[in-house]
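Number of protein chains: 6
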Amino acid sequence: MEYRALTVSIENKIAQVTLNRPDALNTMNLDFWKELPTAIREIDADARARVIILASTGRHFTAGMDLGVFMNPKNISLQGDPGRSAENLRRLVLQLQATFNVLESVRIPVLAAIQGGCIGGGVDMVSAADCRYCTEDAFFCIKETDLGMTADLGTLQRLPHLIPQGMMRELAYTGAKLSAQRAKEIGLVNEVYPDHDSMLNAVRKIAADISKRSPLAIAGCKEMINYSRDHSVQDSLNYMAAWQSGMFRPEDMMKTFAAKAQNTDPDFEELHPIRPPFSQE
Amino acid sequence: MEYRALTVSIENKIAQVTLNRPDALNTMNLDFWKELPTAIREIDADARARVIILASTGRHFTAGMDLGVFMNPKNISLQGDPGRSAENLRRLVLQLQATFNVLESVRIPVLAAIQGGCIGGGVDMVSAADCRYCTEDAFFCIKETDLGMTADLGTLQRLPHLIPQGMMRELAYTGAKLSAQRAKEIGLVNEVYPDHDSMLNAVRKIAADISKRSPLAIAGCKEMINYSRDHSVQDSLNYMAAWQSGMFRPEDMMKTFAAKAQNTDPDFEELHPIRPPFSQE
Amino acid sequence: MEYRALTVSIENKIAQVTLNRPDALNTMNLDFWKELPTAIREIDADARARVIILASTGRHFTAGMDLGVFMNPKNISLQGDPGRSAENLRRLVLQLQATFNVLESVRIPVLAAIQGGCIGGGVDMVSAADCRYCTEDAFFCIKETDLGMTADLGTLQRLPHLIPQGMMRELAYTGAKLSAQRAKEIGLVNEVYPDHDSMLNAVRKIAADISKRSPLAIAGCKEMINYSRDHSVQDSLNYMAAWQSGMFRPEDMMKTFAAKAQNTDPDFEELHPIRPPFSQE
Amino acid sequence: MEYRALTVSIENKIAQVTLNRPDALNTMNLDFWKELPTAIREIDADARARVIILASTGRHFTAGMDLGVFMNPKNISLQGDPGRSAENLRRLVLQLQATFNVLESVRIPVLAAIQGGCIGGGVDMVSAADCRYCTEDAFFCIKETDLGMTADLGTLQRLPHLIPQGMMRELAYTGAKLSAQRAKEIGLVNEVYPDHDSMLNAVRKIAADISKRSPLAIAGCKEMINYSRDHSVQDSLNYMAAWQSGMFRPEDMMKTFAAKAQNTDPDFEELHPIRPPFSQE
Amino acid sequence: MEYRALTVSIENKIAQVTLNRPDALNTMNLDFWKELPTAIREIDADARARVIILASTGRHFTAGMDLGVFMNPKNISLQGDPGRSAENLRRLVLQLQATFNVLESVRIPVLAAIQGGCIGGGVDMVSAADCRYCTEDAFFCIKETDLGMTADLGTLQRLPHLIPQGMMRELAYTGAKLSAQRAKEIGLVNEVYPDHDSMLNAVRKIAADISKRSPLAIAGCKEMINYSRDHSVQDSLNYMAAWQSGMFRPEDMMKTFAAKAQNTDPDFEELHPIRPPFSQE
Amino acid sequence: MEYRALTVSIENKIAQVTLNRPDALNTMNLDFWKELPTAIREIDADARARVIILASTGRHFTAGMDLGVFMNPKNISLQGDPGRSAENLRRLVLQLQATFNVLESVRIPVLAAIQGGCIGGGVDMVSAADCRYCTEDAFFCIKETDLGMTADLGTLQRLPHLIPQGMMRELAYTGAKLSAQRAKEIGLVNEVYPDHDSMLNAVRKIAADISKRSPLAIAGCKEMINYSRDHSVQDSLNYMAAWQSGMFRPEDMMKTFAAKAQNTDPDFEELHPIRPPFSQE
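Protein chains in written order, with this note's numbering: chain A, 526 to 806; chain B, 526 to 806; chain C, 526 to 806; chain D, 526 to 806; chain E, 526 to 806; chain F, 526 to 806.
Okay, chain A solo, but in the shape it has when bound:
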């Protein structure tokens, strides 16, 4: 697939998906909404990459929603019978949410590398990533409050699990900017870097670390951490045991022992590609 709002590459088992409309502040336009889930899902399905870096270009990570999309009455209309419009609006919100859900549901980790402003829909998006890293000049802003609406694509659902409740609420109610330094202190980002280049280098190093590990073990970690957020510890332990009954086999562990003995990296098999069932006809 050809991408217009994104640049997509895979190298050394590391995929990078980059927002590439810096002149438009990487706003989320129609192309973006179509391409992001496609790109992420294809990378996962191909099983050639073991980790995804979600990056951007220019001064700001993203200014969020391209409001022009919503101003176009073809895209969102509240005309006609109001009940049916509401039913339509509900589905539109669910569809847009699904765009970011894919970051969470793919089998491989997604690392967001954030420079400058991460605004509105940008916060919804990076809240669904596995880990966040940023530059010193980065800032986060729940812009929706400033625009007279309630953020509806994940910020209010996922961010409360990432930062302390009190800060979460102040940021949501005021639309205030959260600085990079404070974002690290409260646990939103794992690390802050001096500039865009040093951040990308550091994130690539973390990605390289991940890419050398068993993709099956990593996929298990991601599934379990996702699951644990939403279930009781007892349910999560039980799910772990069922999972492990299928996924744990000693082959990968043997490879790590052999590799250590030979001072090399273990050569793990990739996950199976994802195909529609019975697609081979």
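For the record, the hints were derived by calculation from the structure and aren't laboratory data. Every residue, glycine too, gets a C-beta built ideally from N, C-alpha and C.
Partner residues aside, some chain E positions facing chain A, computed with beta carbon under 10 Å:
hint, residue
1, 683
2, 750
3, 764
Using the hints, position chains B, C, D, E and F against chain A.
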């Protein structure tokens, strides 16, 4: 779309999806797995029908899975690294489950009209329908137990909500046939009819009743009954209130008053068709 | 308090709350909405009765909502800013739901004795009662579907726990009448009686049975059955044990032994009245 | 282990655990509380039986708790600091509940064959079995209400999942006897038989059916039906897929095909015995 | 209403509720328990304020429960039948919990401004506020442990969602004082200020920021953050979409664009006042 | 019981359980897996200690699993029918998880004092403790990722509740070492100490603080904090009220008042020992 394992029609706002391979006992072959979710989703998306009848042909509703599908090593392989095969198998099960989940997630009711045997995958399928009706010679059988495996496409997840737990367990553990009469007594089917024709006529009459009612009101009922099964009453009441804040507007009610005054059927607007977001450009 | 839509009495530890507007088909008018929760709560708070019979007068139990209430724009208005109207509508639904929730949250059982039609809001109401009994000519109807709206006061949240899912859905989608006989077969009512008088006599006998038992034991039963519907068995067992640590003391059991030895009814202490905290100053 | 309150046998892969104190109405005395969970767990751990019949002797299945146990102040004391006694009482209830939980948590089905009275603790017990069968003269009674206390060992937690809510509540509030016939109508028992012998013969036949099927497939069914009762359908489907990734392998299915071709019963491998981890040293 | 334990004011859409018994260390006496929920609910119902500051007077925010309230046997009595006293005690705890629940359930944010000691019931109370701010000399103490009891009004239920689990447990088990500085580090308070005046000024500035934003958007944020804490992300996203179907209309957004163009603050409509249903007659 | 992998002592109501195989880096060998849950449970059952310190010896807290245990085919075998091996593997994982669950389920707090490396299974273990303290040279490592497997004994289920999600995921995906200082910043440990001795002294002081408080109050705190992690705030408040109805009695509070008046420590009664029900025969 052209269908091979199904016949699909829409008439008077009633869609009918019919399994049409009676000579093969309407087993679920590759075509079936591809076509069923497509057909159901398209009917919902088009918003021309307000109810779906899921029917079949020949002596038996369905004999369930076409085992040839699974015997083909291209379709399911447990070769290679066993952990990765297990990960692949898990996803295959989720994908096949999704086929039947669509009966539950569409906005309009699905009425299953069952003649003769409803076996194995057939039980998984009709458990996901809204209502079940059958002929006197119908029977239900959790065949998977007989084949040395655990049913995995919904029977053990949905049927316990449809019939008493004790009967559920006996049927699952023994693979015994459940007769039409007993199926009605324990609540699995709403009504039993003498033969295939009388059943279809009766089900079409119920479908016609549904098709005259406000599709928005019906969609709300389906969403709420689905939701209530899986949530506490308090959560469900709260969800109802949020839903109603958008969906309840007095227009449809006014139409019923006007229609009653004029002794006609009210002429309700259809639900909006479902389209990918922003697809109109 | 003086009641206008209801008659309220307490005799021999049995309270009876009777809808008393038979000429208006006992529709739920403004008085009803104000008085029902007040009456039920006061009976519980006083702790003089150990069980409540919810009955009605005339040919029909209730025709449901008095639509005039909603036609009055003072009571429900969707004018002005639509978002704020929706917020207001949501709260109205929650407030009306709370009217029926009280039947569930009081400490003592509520037995509904239903003659003739139990329609629309009537189904929402009796679904929140502990037990339902009816006359041969009784019928139940989810009328809201017929009026172009989704029932929103509990029918779709509680009734699916009372009757088989398939019947639940057919009744909701079609607005069809459910007969007394079929209501018993599918578990909605415990018993059907020839006429209003024989029903009331029978229900009073059941109420008398309840009123002779320890009100603390009964309150525990009600709390636990409510709780079990909405929680896992493991959570419910755990809650039971915590409850019992406070509520189980052998005094009531000793009284039953003593009474049996003397061939009398045990003389149990009433529950404490419910008062606002610290209100006695 | 030697049993005093029970008789335990295993024959043809069918275990039978029989209450053997008919002269004492099979009340649950100290021996019973110690022996039942031990017996059930050992049968499961040994993996020699594929199903358990829980039966009794004499005129009545069981009269429930031997109250002498509780009258002994050594067994239950509410002396001393009341808070600490309450903490102790809570744990006692949890411990007694655990006795019956084991019927649910073992890997193989438990079929209860009930003659005459099944009273008090008997209802708690059979509610935790997989299936219930009874004689024509059987009856069920939530006796605790009659004794001035709230049943606390599972009746109020599991029975509401087995019978309609309205009947559940009437039985709990009144302590009324539920007849065999009505028990079948409302789904509590699967079948009613003329007398004790015919019941045992029939239940043994069902057990024999179960014992010929793959014990791994049956164990999966039991785990899934247990799980589905307490979780959403979506969670249950997801758990099923994880389970199947480990447990589904085509060997057992192949055996059913081969057996059918040769007109014999398939010869399935038993489940592994349960041992403490690393116990073999 | 006249308040005795509180001072209540509304200015510029900012309400302030101030504990005004500094000489009694602002302990929670009878007046407090009656007045706090009334005051908070009335402010919400009136819809004249868009945010509430919860403040105090004197050297300490509050010393928690006025123990004299509980020493008075009229207020809490464990005399008489112990089971019934326990039932009464349970309800008393629920009633007192409800006092603080109201801080969470009102539609508008509550900002707690804490000077000096915040002790015992004070921690229960501020844990239910949206955001916490404090002075340098502030400290927090789960005093109940020191008094030989388990905190029961929310501290153990809400504080674990506000601070790391390990700190939560140490504070609960030891009753140790948590300093202002450490409280900020672990996320309990958003900011620490040199003294009472500078804190109140800063909190008023934050409140002013909130008060300029759309009250409907803010109410949506509060509802969603509350909801997300207690539900899975998937349930929360789904609830968000239903909510938005009713609450999102572009009017408020248009006002923000217009205001920005004119360099003014947007003039949003207030939320509707909360009235009992049908109360206007 | 004699312990080989552990040293167990109780002094001044403080129990200490110490890993005592420093030459083997305190790896978790067969003895460890048998002894740890036994030791912890016995301390709780005896009710002579009010708090447990979990400590270790030598340079490193623990290097995690003794891999020799798993290399022994007697302990874990994936031979034979793969489905049955998977069922066996699932139970093994559940059994090993149960070893650490006991740290959470005992009534008294467990304080982990960690020096040097806390690796693999060590992280699973200390995640189940109530509080964690460490030395400056301590570090934490989710070693399983490095060994090609998914950690399955609690790390992925409990650690996400202890530290920010973003850090959790990076640590799990990379197997990176987490330093003591960063562990404190992100809330994993409560405090960092210069060396092993100063840590143990400080932890003993905290334990002494706990041991002077009412063991019933502390047990209530632990139960509630455990419960709140896995349930909604509303469910948790409700559970609190039921608990308190049994456990709250003013005796302990009176003792604190009396002790304060006399400037002594209150002399609280111990919790009742835990015995099998009816064990006194």
